[in-house]
Structure formats: structure tokens, C-alpha cells
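Novice: Chain residues, written in single-letter form:
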Amino acid sequence: MSAGLDQPAERAGLTGSAALTSEVAAYVARLARIELSAGELDRFAKQLGAVLEHASQVNALDTGDVEPTAHPLPLRNVLRKDEPRPSLERDAVLAEAPASEDGCFKVPRILAEER
Amino acid sequence: MTTGSPTPGVTRSAHEIARAVRNGDESALSVLQEHLEAIGSIDGEVHAFITLLDDQARSDAAEVDRRVAAGEDPGPLAGVPVALKDNLCTSGVPTTCASHILGSWRPPYDATVVERVRAAGAVIVGKTNMDEFAMGSSTETSAFGPTCNPLDLSRVPGGSSGGSAAAVAAGMVPLALGSDTGGSVRQPAAYCGVVGVKPTYGAVSRYGLVAFASSLDQVGPIARSVADAALLLDVIGGHDALDSTSLDRPPSRYAESLCLLDAGGHAPGEELVAGLHVGIVEELVAGADPLVARSVRAAAESLASYGATVDDVSIPELAYGLPAYYLIAPAEASSNLARYDGVRYGSRVDGPDVEAMNRATRAAGFGDEVKRRIMLGTYALSAGYYDAYYGKAQRVRTLIIDAFSAAYQRFDVLLGATAPTTAFPMGAKVDDPLSMYLSDVCTVPSSLAGHPAISVPFGRAEDGLPAGVQVLAPALGESVMLKVAAAVEAAGASIAPEPK
Amino acid sequence: MTGDGAGDQVSGGESQVSGAGDQVSGGESYGDFEPVIGLEVHCELRTRTKLFCGCPNSFGDAPNTNVCPVCLGLPGSLPVLNAKAVELAMRIGTALHCDIRPSSFHRKNYFYPDMPKDYQVSQYDEPINVGGWLELPDGSRVGIVRAHIEEDTGKTTHAGGTGRIHGSSYSLVDYNRAGVPLVEIVSEPDIRSAAQARLYAAELRAILVATGASDGRMEEGSMRVDANVSVRRRGASELGTRCEVKNLNSLRSLTRAIDYEVRRQVGIIEKGGAVAQETRHFDEAQGATVAMRSKEEAFDYRYFPEPDLVPLAPDAAWQSEVAASLGPMPAERRSRVSELIGARGGTAGDGATSASQIATVVELGLDGLVEAAVTSGVDPGLALARAANEAAAGGDAARGLDPAGFTALLKLEAARKLSATQAKAVLAEMLLHGGDPATIARAKGFEVMDEGELATVVRQVVDESPGEWHRYLEGEEKLAQFFVGKVMKATRGRADGKAVIAALDRLRS
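From first to last, the protein sequence lines stand for chains R, W and B. Anchor point for the first sequence: position 58 equals 136 in the working numbering, and the numbering is continuous, going up by one each time. Anchor point for the second sequence: position 79 equals 88 in the working numbering, and the numbering is continuous, going up by one each time. Anchor point for the third sequence: position 33 equals 431 in the working numbering, and the numbering is continuous, going up by one each time.
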């Protein structure tokens, strides 16, 4: 099914599959904390480029005055009372952990401090 | 690979089973046994299940029988075997999302829908196969291998709730739960020739449903009839204080209202739809395979013959649903799946430092499709691209909602195809993500709008495979949607009595 | 201890300074340059449960015992917002003269092992409290940009090696704190000195305590401060490049870190260099700020609206209910106490001492004790001193003191039925276990020494130190304290110092 309207993708500076280079894919993979080989990066960049080219169809629609919808519900102020509920048993929680020590989750050393 | 249906399974409806068990005419244990035997003989070929819970199911069934013997009412699903998509948390039972990254994780709690199904007397028989983290339209991205379409083992069952749809279609269970983010209940229901409902967003609790795209995900029933689907929907729906996005409404009684009309076997179409205004949405038919489009037209004609007014309508904005969906859903997914980092649960691949461990764990634990979606979503949210992609898609979402609202000023329900084609052959689209994504084109608009929609089989296309007709309704329009679906079902039954 | 909270007293043993006037601010001069400082204060809210789940919000429990599917980020779990946290955030906003607005939550996405979901739920472009100001005791005003709600992270402990992040071989994570509600209060860059930053932080802490939103304990991490520091030439209007300084765990660290950072930046500029925008960590031991490691993608947080929560829009009724429930803020309470003391006169010390004592009792919420005692006739100087020194040392327990009991104790002391030392010991016991002061005094054997008994002890002490006694008789008045000390030792504090001096006088005459 096609959009049926003109697709001025350039409006958003998108130029189809060129929108996702291997370098950008590598940056995105770092952000997403997924180790990918050069071959995988290349393949994903191509596949995602095609998807993004399709996605750039949305640029055919003028959304200048349109408010974004983050959520389809009209709800507001959903709150709970400040009342305790039982916590989980620590042993059961840590039994699921890949590694634990002294009642804590154990992880390899942390290099980056900044957040 | 063979084609055609393997051993026939159990064909009795959930309504019949619950009635018999509640009346004491039949034991829940014998019902369970019958279904476990069907699973035993069929699932080797179909592979609908990831985990079978036969022992737990037997003790649950025995408990139902004990309650009946004690004069108690076990509930509306008394003794009905139910299968759960494996992204619904089950306390103490592995919940894999068909991914290696969750390892042998056993949740410490039941999803709200699981609690409710149990409380209604149902017997949970197992956890069904799915696309990994519900990302896919064919159940081929499962880390545990694909599920076959029980109607033609060389074809996919659709996805992502392919295991649930296949289990119901093959007669291994009368009812199953799936989850629908962009069509993951409706499309496999269409491919497998069963009924699948995506409820209004917020009508069914998401607590305990492992998130894919939180603003779109809904749990939905899969059944062999509209009435059975309504029965399960009544059980799982209603407010849940553990889900902030749960609508605070009284429990629904859809099944009752359908069954009142069902005194003589099938509901008389006239009573269901006479006087309703039905719109055939051009954008949900025009791009579909002619085999499928013909079924939609034929279903519409039947509705007209029952006294509904049927008109064509064009809603051009719906064509933008798919691109908007494939920006919004991956964006939310990229965030929802960040927690699989090898720290607290699931699998871990060690590394010299925590970041290396995260990367290696996620590289080994996620399959390609999940990685692609995480990458896509991370990109769409990333600094510099947000406005062009995610922000734009959110605005398109608004336009789609507004366009639907305008259409529902005129029409009570809308009609279209569930999917552009019938079930496609295994492997046909695995290497071409975009073509796979296009099979969601008819289902994503309702998802973006948060509206309910249902897929009902309507006869067979010329390739011998079932075609799904989709009935769409405005938010909380389940009642009228189910009635129209029941009428389509009745008409379909009269043209194709027993599919072979 | 005055301008500082219990935290500094316990951890740092800091001298009595009321905000301004310590060694740092005294020497604070950066030549041609002017510091421009904004503070970001994270305040843990005093709720019973966490922000999005029913786990207890409590400090110091065994690791990973206050955790559930929600705050562990288990698959399928969903957050539900704690109404009390919203109320406390509104109390803070109201106290800081902010507008309370409809707000929403976003996800801030980044990986860190102390974040169970690998994103933090926070308010981003629509915070609950916007705009506002805080007036410092010196009359200056600091603007408030926003005060928004967010969730806290868990805690990592770096194990192996030095215990610091560098050189550690692995880390341990405790999620008890994950999901504890925070309000982050962001000031305008209106602060112009380390001393003013300290005043601001101390006053903000007093306000947070007064609203009931926080216990203000910096040493437990329930109030954490980051400083955005830049410098510019005096008279310049544009801002310099700023650095964010983290890990300011006490008011003392705050002033030291800012002073160091300002000097560092001035040094760079004076040498013709340019300050690099970066995040820096304050190393307490070295007294220096150190650049933190940073990665290219470190700041690409991919904020987007949190789809698991719905927007928040407190209605006018709720807002006015919150406003009505707020008691007087510290500035008002300080002036109330000084008016009361001014009216009663009495033996309150010099103006500076009593001002700093007033600041302390108000900051720690002990002004009610002072008011109760003074209005029932206790000498204001005594009431202030006991509240600002001995009661304040009891930390949280001091707020739990019964004003009637505190008053009764001071009356016993004023009537010389208890010596100062005895009164302090009774107060310490009241802080620990509560109870009636007269009963406690009896149980401790604190009986009033009659004049005869005291005279005997004084004579004994005088006889043991003939040399000192001779010099005292010769007019060496300061030796009175020598004899008081001896008598105190002999009576194990039962004697009253003034009574001892009177007895010495009688003996001398």
C-alpha cells in the first residue's frame, strides 16, 4: 500500500537509505549497548535505511499545527496512597541474578562515572 | 514439509466446556486430558508451545473439580484450558518472551490477566511461542524456532502471537491470550482462521505483560468464535490499580449480550447489525491482495443483507499509520528493552567492565529483529533526530486519531482487511524487514488510536487459506464491534461451513 | 553548631558558623573575576513508600530488602505514582513561591547498573513547580528555575582495590534506594560566592525540613548538591563556560569545592586558556575537583514521554489544601523567635551568638521548644542555648522532645535544683529514651546538694590545694574555675557551679 501522496522527504533532510550510515549505526549501537561486528553494522544500516526511507513518508503530512500524541488515553492524576506493600524476599530476588555477593547484585567494574 | 492440517484437535467451544464443567456433567480433569492429548499429537509439528504446564494444569483442574463437587462455582471459565503467550508473567514459571536474553528467568508474580483467568476457573496449560519480544509478524523471530500454521505447515501462523493463534486454530486449546501492539493478535488470528481481539487501550491491564511498546500494547483474546473471545475478554478486562493506564470502568458483559442472541446456534445477523452504519475503509482494502479484498467485500454484502447500511469511505491518513508506527513502537521498545543488561536477571555474557558486559550480553541475548528495532528506536529518539522522526510520528498519530474521529461521526464501525495477504510461506520475508513490516499495514491504525479492533475469519481465499476481516470501532466500542463481528462470523459460516 | 545541620556536626565536627563567615568566605576574593553559581539540590522526600511502588522508603536497611518487581524493573512491572510524593513536591514548590503547573513524566535513557530499568523517570519539559525564589537570611534572593519530581537510583559499592571507582575490580549494587522519590530544585545562576552558596543550601535545607518534605540529612544522602560554576570578569554580562561539580556531601564540601573550582577556572583564564565544559567530581581528601570520564554518547539521553504514566494536573482545591497546610517558613520563624526573646530580655548572649542559635533551632525545627520554654518563663538565653547546643546534638530525636518536658527541665535548672551538668545529662537521657526530667534526675541520683554538704566539699578541695587557694585569696580570680572543676569532679557533677563560687566567696570573706 502506498501513501498515495507526494513524499517530499527532503523537507526533513532525509534522503532515504543514506539517512543511516555505518558510522551513525555504530554510534546508535554504542548508545544501545549492543556489540555489533562491522558486517552486522553494515547490514543493519542498509535494512534500517530502507525502513527509514519508508518512514519518511510521514513527511508528506503537514503537521505544523498538530499537537503530538504521546498516549491515546485521556487519563489524568492516577495516584496511589502512600501505603506499604510487601517487598520481595531477597534470596529469591538474588537467585535470579547472574552474580551476587553479600546481599547485593555483583557486576564487573564500572569505568564511566559520568551520567 | 507436508501441507494440510495434521491430526484434528478438540473443537468444542469454551462456552460448552465451562457449561459442562460448571454443571458437573464433565470433569475439568477429563477436559484437560483431552486437550493435553491433542497437544501431544499435534504440537510436535506445529510447535505452538514453548513451555507446557501439564502438572500444574492437572492440579489446577483437580481444584476446579473439587470446587464443583463442593457446590461452589469455579467461575465463567470453569475447567477451560487456556494458553498464554510467553510474554505474560507467570509466577515461578519461566517467561521467556521467546528470547535467550531472559535465560531461565522465573517471574515472582503473575500478570493481572493471568490472575484473572485463573480466578475465573480456567486451567492454564502452557506458554506459547511468539516473535522475540513480540517483534515480528510471523513467529519466525522466536529464539526457540518458528511455529507452523496448523492449516498449512509450510506457512507462517502470523505473529507475533503465532503460537497462541496456532494452538487455538489446531484445537489444542479453545482459548488463548496474545498481545497486540500493532496487530500481533489480529494478524495471526487472520492467518490461522480464528478470532482475535485487540481491546481498547486501557481496557485490559498491562501489569505483567512484558512491555514492547507501552503506549500501544494490549493483551487480547484469541478464540474460535466471537462469543468465546468475548467470554475471555470479559474475564481479563476491567480496572487494575497496578496499571496507571488502566481505565476505571465496571466489568464488561459482552459474552452475555452476544449469547442472549445466540439461542439457536448462531446469532441472527439482523438482530446484531440492522440499522448500523458500516464503512468499508478504502485504505484498508485497496492495497490488499484481491483474494483478501474479495472476502471483505463479501462480508460487507452480508452485513448489508442483514440490514446494515454499508458505504465506502476513504481515510487517507491511515496510510501513514505504518511509518508512524515503525518510529513510535521501536522508540518505546528501545527504552523498554534497555533493562536486559545482564545485571539483575536473565542471561549474562561476562566482560572486563560493566559496559563490555552489557554489550556482550545484549549481542548474544537478542536476535537480529530485536536488535534492529532497538537500533531503529534509539536512532529515532537520538539527539538531532527526535523532531524529524519520533516527534513527527507523534503528530501523525494525532492526525490519525482525528481522522478516525471524523469517520466515526458517520459510521458505527469500520471494515477492512486484517492483513494484506493470507498466510505467507515460511522464510519468505525474514531477510527483508520492510516487507515483513508491511504485513501490519491494516492493523496499526487502530493501535495508534488506542481503538478496539477484531479479526474474524470470513471463508477462504482462492489459495485455500483463511482471510481475516477486520472490524474497527471507536474507543470503548467493543460492544458494537463484537456484534458486527458475530454477524460476519455467522455469514462466513454459512458460505464455508467446515474449512478443510 | 548553628548554620549547619546535624550532618556537619556529626560528620565534620565543624566549628560554629552561621552560613557566612568561615575561613573560606573570609578569604574569598578572586581578583578581577566574579563567580557565577547555580545549585541543583536533590532532596529525598519523606514518604513511607517509594515513588512508584509500595516498598518502604527507608535508609540503612540490609541491602536489597526493600525491593519489588516495580523498583527492580522486572519485566512486566508498571509504575503507579505516590500521591504523598506529589503533595510533598507541591509543598516544596509552594514554600519556594513557585507556580504549580500541569506536569508530565519523561524517561531519561542511559545505562548504569544502579538504574534497574536503565532509564530514570523524571519530569523534563513539564515540571510540576516552575519559577520562584528563595530569600536568604542576609536579605538576598536566589531565583528558582524549577523543582521537579524524579526517582532516585540504587547504590553501587566499588569493591576490591581502593574502594573508589578507580582501581576497583568489581561493584556491588543495592536497589533499596532505587525509586525513592526525589525533588530536584534548580536555582538560577544568581549565586556569587561560595559563602552565598552555603547560605542558600542551608536555608533551602531549613525550608525542606519545615515543609515536612525532607529530613535534610546530607550525611545520609537525603540532600545532595551539585554546583554549576563559571567565572567571568567583573562587570561582564555574558556567562563563562560552566562546569558541573558533583559529590558535595556537606555544606563544608560545598564551599570548599566551589572555592577550589572558581580558583581553578580563574587560573586557566589568567593563563590565557579556556575552561572546558565538563562534569567534575569533588575529591574530599584532596580538596580538589577532578574531571570525570565522559563518552561521546554520554549526554544523548533520548528523553521521551513516559508511556506508563499519565499526566499530573493537581486541581486548585488540592493546591490550596497544600498551601493551607504549610506552617510558617524559617525566615518567619526566626523573626518570631527573636521577637519573643527581645521581648523577654533575659540573659541571651551577644547578638551574633543568639542570632546563630536562633538560626539553628529554626533550621532543626526546635523553635517550638524554645517558644514553649520562654513563654512559660524560662530565661531565653538558657532556652536557646540548651535547644541550639544540647538538644540539637540529639539530631532527629530533638524534634520529638516534648516541649512541656523540655520546659520542666529548664525550670529545674533555673531553680538550681539541677546543676548545668546534671541538666545536660538529663536532657541527653530524654533525647535517648524520653521521660519526665524530674523522674530521670531522681533515677540518676541527681539530688540537690544542700549548702552544708557543698561547704564541706569546698573546704576539702581548698585544703587539698593550699597554693592555689593562696593565689586566689591574693586576687587571682580565674582560679575560681579551678576550684569549681575540682568540686565538680569530687561531686561527679552534682554541684552547681554558681553555688560553688558563692561558697568560695563565703570562705574567702
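Among the hints, erroneous ones may be present.
[Stated by the list, open to error] In silico DSBU-like cross-links for lysine-lysine, where the CA-CA straight-line distance does not exceed 30 Å:
1. B:K693 x B:K809
2. B:K822 x R:K184
3. B:K884 x R:K184
4. B:K506 x R:K124
5. R:K159 x B:K644
6. R:K184 x B:K815
7. R:K124 x B:K693
Treat the hints as calculated values from the structure; they're not laboratory data.
Novice: Which earlier hints can't be squared with this structure?
Specialist: Violated hints (numbers, rising): 1, 2, 3, 5 and 6; every other hint is consistent with the structure.
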